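Combine the two chains into a complex, taking the hints into account.
Residue strings, one per chain:
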Amino acid sequence: AQTVTQSQPEMSVQEAETVTLSCTYDTSESDYYLFWYKQPPSRQMILVIRQEAYKQQNATENRFSVNFQKAAKSFSLKISDSQLGDAAMYFCAYRSATEKLVFGKGMKLTVNP
Amino acid sequence: NAGVTQTPKFRILKIGQSMTLQCTQDMNHNYMYWYRQDPGMGLKLIYYSVGAGITDKGEVPNGYNVSRSTTEDFPLRLELAAPSQTSVYFCASSPQRNSYEQYFGPGTRLTVT
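Chains A and B supply the protein sequences, listed in that same order.
In terms of this note's numbering, the first sequence opens at residue 1 and continues consecutively.
In terms of this note's numbering, the second sequence opens at residue 1001 and continues consecutively.
So here's chain B without its partners, still in its complex pose (with noise of 0.2 angstroms):
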């Protein structure tokens, strides 16, 4: 199993240009997450699925979109990448609703200049 992977690991923006990133578990898991982390910050919420088709908003959901087709994929798309928008941005999965674990990816560092 490759867990969770996310692509690129590392991207620059120009402000204005938009662009989609890539999230895929193995795990068969129907939830899976969103989080952007901010410099010396904790995880925020961007968008959250609890199974294939289904997509609901966390806590800072703005200037983001996402879909989820498949049970294995949940990509996250910036439209018109602002400076705000620079961070890094993690993926996860779990099993079920209360399960006691998130799984997360490695993440990708996003910077918008």
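Here chain A stands alone, though its shape is the one from the complex (with noise of 0.2 angstroms):
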């Protein structure tokens, strides 16, 4: 079974700064798709950038990026000119092209003023 980690329980930066948000994963398929989700106090689960596996370049979201490592199963979400209204959880999720979304335990992200 596929499984998705996120070290990190809790990061904090400071506004206008550049965090990055660190997501590992287990797989033997070849073929999935990677996402992160937003969490904020409301509870609604926001996608907020996606990353298909076949694809070289890393994906980019206005201030979102990840840094998309296949061979080393590491993809990190880099988030640039931080807001605060960026504050919330943030969940790696991992997708294969026949299976359900599995996610990470989620990272809370603070932005502090």
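Derived from the structure by calculation, the hints contain no laboratory data.
A quick note: this is a predicted structure, and the numbers were derived from the prediction, not measured.
Possibly wrong hints are sitting among the right ones.
[Said to hold, decoys possible] Heads up, incomplete: computed chain A residues facing chain B, CB under 10 angstroms, no partners named:
id, residue
1, V4
2, Q6
3, P9
4, M11
5, Y37
6, S42
7, M45
8, I46
9, L47
10, F68
11, A87
12, A93
13, K100
14, V102
15, G104
16, K105
[What the hints assert, rightly or not] In silico EDC-like links for lysine to aspartate or glutamate, alpha-carbon gap of 16 angstroms or less:
id, chain 1, residue 1, chain 2, residue 2
17, A, K100, B, E1059
18, A, K78, A, E10
19, A, K100, B, D1056
20, A, K105, B, D1038
21, A, K100, B, E1079
22, A, K100, A, D31
23, A, K108, B, D1038
24, A, K108, A, D86
Cβ coordinates follow ideal geometry from the N, Cα and C atoms, glycine included.
Structure representation (structure tokens):
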């Protein structure tokens, strides 16, 4: 079974600074998708960014970008110019072509003004 | 579009009681999912449905039942509630099996005492 590991339970960053959230996963599949979800205090799960494993280019969405290292099975999220609204729980998730989403335990990000 | 709606937002149950968590989506999505999120953990799949009349078990189905009589609705039934079912429950939907994104509802916080 696939597993997703987020080893840092909490991180903090100063407003306007850059922070990187780490995620590793374990799979024997070659075709899969990786996601970062944000869960603010409202509890709503919001998709931040996704990466297809067959794409070598790292995904980017405005201030959010990933560093996808397929051989190392690593999928980190970089948040640039951090804003107070970025404070939330962040979940890394994995999905193969035929299976359901598997989530990591999450990481709490605090943004200090 | 309201997206995915869930009712109730909060509920307290006594041990042994039963209840139904409601989930409705107005996006005409075929795929719907129920997850639970325990404190400090990611989401775990309880049940999912690939269309009206079709349901299947996820990772943690014990103690729950689902039905899918319409495309829009996917209720989750708890029979004989137990303290171990204290959790936050999320419903989600997606337009197709390999859709990049699952659209999540706001969640239901359930406490069993």
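Unmet hints by their number, sorted upward, for this structure: 4, 10, 11, 21
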